[in-house]
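Student: Build the full structure now, drawing on both the sequences and the hints.
In the order they appear, the protein sequences are chains S and P. Read in order, the letters of the first sequence correspond to residues 489 to 707 in my numbering. Read in order, the letters of the second sequence correspond to residues 8 to 112 in my numbering.
These aren't lab readings, by the way, just hints derived from the structure by calculation.
Ranges of calculated distance between the beta carbons of each label pair, as one might list FRET restraints:
1. D544/S x S109/P: 31 to 41 Å
2. N76/P x N490/S: 14 to 24 Å
3. D92/P x N577/S: 55 to 65 Å
4. S106/P x E515/S: 40 to 50 Å
5. H572/S x N76/P: 49 to 59 Å
6. E529/S x C72/P: 10 to 20 Å
7. A530/S x S101/P: 35 to 45 Å
8. V67/P x D544/S: 22 to 32 Å
9. S109/P x A530/S: 41 to 51 Å
None of the values given here were measured: they were computed from a predicted structure. Just so you know, even glycine gets a beta-carbon here, dropped at the ideal spot from N, CA and C.
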Amino acid sequence: MNRKEFLRQLEELLYDVQESERREAMEYYENYFDDAGPENEAKIIEELGSPRKVADSIKKDLFGENYNAYHEQSTQKQQSYENHQAFENQQKENKTQRNILIAVIVVLTFPIWIGLVGGLFGIIVGLIGGLFGIVIGVMACVLAAIVVGFVMAGIGLVKTFTGFPATGLIVIALGLFMLAVGILGLLLIVWCIGRFIPWFIRGIVMLIRKVFIRRGASI
Amino acid sequence: MVFNTGAALLDAIVLAVVSKEEEGTYGYRITQDVRQAIDISESTLYPVLRRLQKSECLIVYDVECGGRNRRYYKITNAGAEKLADYKKEWVEYSTKISSLFSGEE
Chain S
489 MNRKEFLRQL
499 EELLYDVQES
509 ERREAMEYYE
519 NYFDDAGPEN
529 EAKIIEELGS
539 PRKVADSIKK
549 DLFGENYNAY
559 HEQSTQKQQS
569 YENHQAFENQ
579 QKENKTQRNI
589 LIAVIVVLTF
599 PIWIGLVGGL
609 FGIIVGLIGG
619 LFGIVIGVMA
629 CVLAAIVVGF
639 VMAGIGLVKT
649 FTGFPATGLI
659 VIALGLFMLA
669 VGILGLLLIV
679 WCIGRFIPWF
689 IRGIVMLIRK
699 VFIRRGASI
Chain P
8 MVFNTGAALL
18 DAIVLAVVSK
28 EEEGTYGYRI
38 TQDVRQAIDI
48 SESTLYPVLR
58 RLQKSECLIV
68 YDVECGGRNR
78 RYYKITNAGA
88 EKLADYKKEW
98 VEYSTKISSL
108 FSGEE
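Tutor: Quick look at the structure:
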């Protein structure tokens with residue numbers, strides 16, 4: 489470091505000192521170097537120590553005890569900030585540790601929960617299958633009623649015009665009744681499907697969304 | 008040096024050094040003179056001079072010297088009085104300590 493650099497750094501370090509005080513100090517040290525002569529420049533820089541040491545001696549005199557208090561306060565601030573950082577890091581670490589622990593528990597209890605999950609899955613599949621079976625059965629019945637209704641009406645018509653008008657009409661009546669029941673059943677099924685399918689899809693979408701949102705929150 | 012030089016003693020030494028020069032003296036020379044008596048860091052002296060200047064024990068004036076201004080310090084009447092007080096105190100203080108050391112009561 490040479491004289492120029494030393495004085496430049498000193499001026500920088502005196503940034504929080506009154507303008508007049510800073511100028512006074514800078515003049516003094518410029519004078520000092522001038523009076524010592526260029527041959528003593530290196531010696532003086534060595535003896536002064538560092539620009540910081542010189543700046544501190546000036547500030548200590550200007551601010552007195554307050555300077556020490558100010559110094560301590562800024563150190564404390566720094567420390568409390570560091571403590572806060574350490575605390576946050578600790579929390580992060582704890583969270584990571586907790587997540588690892590959860591993963592380990594999940595893996596270790598695999599034999600237990602795979603049974604439970606499997607059972608639950610079986611129950612759900614069984615229920616859906618049963619429901620599906622009932623639906624198919626109802627549909628078959630409805631289809632059968634319609635088909636039988638048509639067939640009976642047909643048979644009744646044939647009987648009516650082949651010498652058994654009474655029997656024929658009764659059979660026609662029974663056939664039309666079956667047809668009516670079949671059509672009602674069909675309407676019921678259509679109505680059920682119209683209601684049930686949107687509800688079912690909505691339910692699945694909501695379930696998926698719930699699972700994803702929860703996972704998103706925990707990450 | 009094993010003994011610390013307190014603020015008051017430092018003030019007294021600087022006042023004494025400056026008072027020796029009728030026409031005043033400048034920072035670098037004051038430092039050299041003070042360092043003949045006590046071992047002191049060069050950075051300690053500026054705050055002392057500034058303090059004495061503010062308490063009007065010293066006055067400052069610029070003298071042109073080789074194409075630049077040199078800052079001179081000169082003792083004031085108030086400074087001289089202060090120095091006299093310090094000297095008196097010092098005689099009392101040092102006598103007591105000396106007599107204690109030499110074992111004479």
